[in-house]
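Trainee: Sequence:
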Amino acid sequence: MKNISLNVSAANHILIEEEELDSALNSCLAILGESLNACRSYIYTIENESIEESYSWINPELRKNDVPLFSYLCKSIPEIITPLSKGFHLVGFTNGIKEPFFKQIMLERKVETYLFIPIFENDIFWGFLSFEHCYTVQWNSEIIELIKLFTKNISIKINEIRYRKNIGPSFDIFKYYDQSVLEGIWELDTNTFETKMCNNWARILGFSIYEIEQTYDFWRKRVHPEDIVQLEKSRQEYILGNVDEYFGVYRIKNKQEQYIWVKSSGTIKRNLNEDSVKIIGTIVDVNEIQINKIALEESEKKMRFILENSSDLITQRDIKGNYTYISESSKEILGYTPQELMELNSAYELFHPDDSENVLAEQFDFINNRNSNRHIFNVRVKKKDGNYIWMEVISKKIEVNNNLISIQSTARDITLRKDLEKQNEKAIKREKELYDLKAKFVAMASHQFKTPLTVIYSNAELIEIKTKLLDSKLAGNFTSITSRIKFEINRMTELIENILIFGKYDIKENFSLKIEAVDFDEFMANLIVTYFNHEADGREVDIVTVGSSKPVQSDTSVLIHIFTNLLNNAFKYSKGKQNPVLKISYLEKNIQIDVIDYGIGIPDQDIKNLFKSFFRASNTTTIVGSGLGLTIVKQFTRMLKGKIRLKTKENSGTKITITFPYEQK
0 MKNISLNVSA ANHILIEEEE LDSALNSCLA ILGESLNACR SYIYTIENES IEESYSWINP
60 ELRKNDVPLF SYLCKSIPEI ITPLSKGFHL VGFTNGIKEP FFKQIMLERK VETYLFIPIF
120 ENDIFWGFLS FEHCYTVQWN SEIIELIKLF TKNISIKINE IRYRKNIGPS FDIFKYYDQS
180 VLEGIWELDT NTFETKMCNN WARILGFSIY EIEQTYDFWR KRVHPEDIVQ LEKSRQEYIL
240 GNVDEYFGVY RIKNKQEQYI WVKSSGTIKR NLNEDSVKII GTIVDVNEIQ INKIALEESE
300 KKMRFILENS SDLITQRDIK GNYTYISESS KEILGYTPQE LMELNSAYEL FHPDDSENVL
360 AEQFDFINNR NSNRHIFNVR VKKKDGNYIW MEVISKKIEV NNNLISIQST ARDITLRKDL
420 EKQNEKAIKR EKELYDLKAK FVAMASHQFK TPLTVIYSNA ELIEIKTKLL DSKLAGNFTS
480 ITSRIKFEIN RMTELIENIL IFGKYDIKEN FSLKIEAVDF DEFMANLIVT YFNHEADGRE
540 VDIVTVGSSK PVQSDTSVLI HIFTNLLNNA FKYSKGKQNP VLKISYLEKN IQIDVIDYGI
600 GIPDQDIKNL FKSFFRASNT TTIVGSGLGL TIVKQFTRML KGKIRLKTKE NSGTKITITF
660 PYEQK
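Quick note: the sequence shown uses numbering that gives the first Met the number 0, first residue 0, plus one each step.
These are calculated hints, taken from the structure and not from any lab test.
Nothing here was measured: the structure is a model prediction, and the numbers come from that model.
Errors might be hidden in some of the hints.
Computed cross-link-like contacts, BS3-like style, restricted to lysine-lysine with a CA-CA straight-line distance of at most 27 Å [to be verified]: (1) 607 / 646; (2) 277 / 301; (3) 301 / 220; (4) 383 / 319; (5) 254 / 300; (6) 588 / 549; (7) 319 / 381; (8) 654 / 571; (9) 262 / 277; (10) 147 / 102; (11) 664 / 588; (12) 549 / 571; (13) 642 / 582; (14) 319 / 292; (15) 574 / 611; (16) 147 / 109; (17) 254 / 301; (18) 220 / 262; (19) 633 / 549; (20) 151 / 277; (21) 252 / 262; (22) 648 / 582; (23) 252 / 151; (24) 571 / 611; (25) 417 / 431; (26) 607 / 664; (27) 467 / 582; (28) 648 / 611; (29) 549 / 513.
FRET-style restraints, in silico, Cβ to Cβ [said to hold, decoys possible]: (30) 213 / 87: 19 to 27 Å; (31) 272 / 213: 22 to 30 Å; (32) 415 / 522: 36 to 44 Å; (33) 398 / 274: 53 to 61 Å; (34) 645 / 361: 54 to 62 Å; (35) 87 / 274: 56 to 64 Å; (36) 309 / 360: 25 to 33 Å; (37) 8 / 123: 46 to 54 Å.
Even glycine gets a Cβ: it sits at the ideal position worked out from N, Cα and C.
Construct the entire structure; sequences and hints are all you get.
Mentor: What follows is the structure, given as structure tokens:
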């Protein structure tokens with residue numbers, strides 16, 4: 000016995016689809032007989048107290064030598080008919096039959112195991128279904144119940160055909176309605192709870208009519224536990240006449256054991272005494288609608304939570320400017336309740352008089368501009384206490400079918416931001432005034448400081464010339480004094496030059512770059528000849544070149560400041576050591592210049608502050624300097640989009656590496 004449940008289901012399907020009973024039953028017997036590996040399957044019907052073999056299937060291997068169970072023999076076997084007519088099924092082995100005549104017939108037909116199941120039409124014994132096996136079979140109770148369910152469906156089919164014959168075309172109309180409309184019809188006896196459901200009721204749940212039980216309990220067990228109490232309560236209220244109608248939306252389990260949403264409604268039928276008799280109703284599949292509705296409600300719930308808890312003021316206005324929605328935050332921000340704002344003639348009443356005209360014009364352009372869906376503006380809004388606050392408003396159009404229906408806005412208090420902006424404007428103005436003052440000072444200092452120093456230096460030189468006319472001893476005293484004067488003037492001149500250069504760079508004045516192609520080898524050679532060709536200790540700069548020379552896009556005046564500072568430091572901090580080295584390397588994408596000295600180096604703890612203004616290393620206190628040289632070098636290197644690196648060791652020397660791109664972009 001294989002796949003019996005599937006084959007019973009297939010037989011039930013044939014009963015539904017086939018119009019004619021004869022064709023349907025013969026097909027069903029063949030399907031069930033084969034699936035049960037039976038020798039014979041047949042249906043006997045009771046007509047006018049006689050028993051007729053109406054439908055049969057015989058295993059092909061037995062057809063030639065089959066001995067039929069004739070109807071006249073059945074009459075003589077009350078052991079079969081009596082229990083069947085009372086609704087009992089018969090199952091057993093031939094060897095266990097006590098009635099001799101019945102046993103003889105079964106043995107002659109080589110039957111070892113049999114099963115007889117009765118069929119009723121409206122509680123009248125209509126016939127029976129039988130399966131015979133020519134070998135021993137152990138019948139499973141579940142299989143017997145499946146076959147009994149099939150016989151019940153035969154009863155339904157017989158009733159359907161009989162009703163169809165009686166009511167003719169009306170039945171066809173009902174059947175068409177039952178199979179075509181989306182509603183499923185049900186009926187409930189309010190006294191006995193007898194329940195009937197139509198084809199479409201079953202179809203909504205994914206069943207065929209033969210797969211459902213026409214019982215109240217079948218329906219009740221499939222309704223969601225959270226819904227059944229309210230459904231039964233509503234129905235009882237309707238039966239008692241406390242409410243005028245009966246309807247509800249509830250969840251019910253379908254064939255796939257999944258809950259779906261259905262909408263049910265019913266109409267009560269009463270007798271002459273106004274007692275309830277039954278309710279006739281319908282169900283409709285509203286699963287998709289209900290799921291969408293629940294999702295929408297959840298979305299609205301979340302949205303309302305956001306709106307009601309947002310610190311921003313959220314509003315909706317019609318195209319005339321009248322509020323249609325205002326969030327609860329209005330009370331905290333403006334002091335008005337949403338209802339108070341709703342009662343205003345227009346939202347624009349609260350705008351500052353100096354702002355309202357511009358805002359109205361902007362809103363008009365925004366509304367009429369089809370290409371713009373978003374508008375941001377700042378406006379002063381009057382609070383309930385009469386004070387104005389600045390608000391930033393973001394407006395968005397709400398359209399339906401390309402028709403503007405409202406403006407949704409989110410507004411937030413930006414008064415603090417506006418105050419900070421004002422303070423910032425004042426600070427910027429003050430800073431500009433200071434920059435202007437600084438620029439004037441630098442311009443003045445560049446002329447006024449140099450002039451007296453030049454005069455002093457010139458007079459010191461004149462004194463030296465005059466002393467040559469004196470005797471050598473007296474002249475030596477004057478020469479010593481003038482040398483100190485000239486030394487200090489040179490130191491002061493260097494300091495002033497660096498301060499002025501630093502000041503000009505800091506205010507971004509007089510430093511528009513003049514970029515040109517520079518032959519770096521030639522430029523550095525000329526710079527060394529001009530500034531470092533007459534060192535007092537006789538040392539020179541050793542130049543090393545690596546790679547083929549390439550033109551460099553740069554500003555020569557800025558380069559002079561960079562490398563005079565670096566080479567001056569190289570000589571200054573390496574007295575008594577070997578010559579400083581200038582190494583020029585032409586790399587693929589950049590030019591690299593290394594300035595190397597073998598002097599006092601820089602202590603580790605000072606390196607991090609080396610490029611700060613006026614900072615000097617702790618081991619340079621006895622050496623003249625301003626503390627601005629490397630600061631200027633770093634700033635000017637950045638101006639030319641270069642990079643600077645430093646490598647040093649105290650008492651061993653320092654290497655400063657600068658790289659520039661070949662082109663200024």
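Trainee: State for each hint whether it applies.
Mentor: For each hint, the structure was consulted:
1. 607 / 646: 12 Å, holds
2. 277 / 301: 44 Å, violated
3. 301 / 220: The hint is violated at about 34 Å.
4. 383 / 319: 23 Å, holds
5. 254 / 300: Measuring from Cα to Cα gives roughly 33 Å; hence the hint is violated.
6. 588 / 549: Roughly 11 Å separates the two Cα atoms, so the pair holds.
7. 319 / 381: 20 Å, holds
8. 654 / 571: Distance ~14 Å between residue 654 and residue 571 Cα, so the pair holds.
9. 262 / 277: This hinted pair holds, its Cα atoms lying about 19 Å apart.
10. 147 / 102: Roughly 25 Å separates the two Cα atoms, so the pair holds.
11. 664 / 588: Holds - the C-alpha atoms of residue 588 and residue 664 are around 13 Å apart, at most 27 Å.
12. 549 / 571: 31 Å, violated
13. 642 / 582: 16 Å, holds
14. 319 / 292: Cα-Cα ~32 Å, so violated.
15. 574 / 611: Status holds; Cα separation ~24 Å.
16. 147 / 109: The hint holds at about 25 Å.
17. 254 / 301: 34 Å, violated
18. 220 / 262: 17 Å, holds
19. 633 / 549: 24 Å, holds
20. 151 / 277: 24 Å, holds
21. 252 / 262: 14 Å, holds
22. 648 / 582: Distance ~19 Å between residue 648 and residue 582 Cα, so the pair holds.
23. 252 / 151: Holds: residue 252 and residue 151 sit about 23 Å apart, inside 27 Å.
24. 571 / 611: Since the Cα atoms of residue 571 and residue 611 sit roughly 19 Å apart, the hinted pair holds (cutoff 27 Å).
25. 417 / 431: Holds: residue 417 and residue 431 sit about 21 Å apart, inside 27 Å.
26. 607 / 664: 31 Å, violated
27. 467 / 582: Answer violated: residue 467 to residue 582 is near 45 Å, above 27 Å.
28. 648 / 611: Satisfied, since the Cα-Cα distance of roughly 19 Å is no more than 27 Å.
29. 549 / 513: With a Cα-Cα distance of about 19 Å, the restraint between residue 549 and residue 513 holds, given a limit of 27 Å.
30. 213 / 87: 19 to 27 Å: 22 Å, holds
31. 272 / 213: 22 to 30 Å: 27 Å, holds
32. 415 / 522: 36 to 44 Å: 55 Å, violated
33. 398 / 274: 53 to 61 Å: At 58 Å between Cβs, range holds.
34. 645 / 361: 54 to 62 Å: 57 Å, holds
35. 87 / 274: 56 to 64 Å: 37 Å, violated
36. 309 / 360: 25 to 33 Å: For residue 309 and residue 360 the Cβ distance comes to about 29 Å; the hint holds.
37. 8 / 123: 46 to 54 Å: 27 Å, violated
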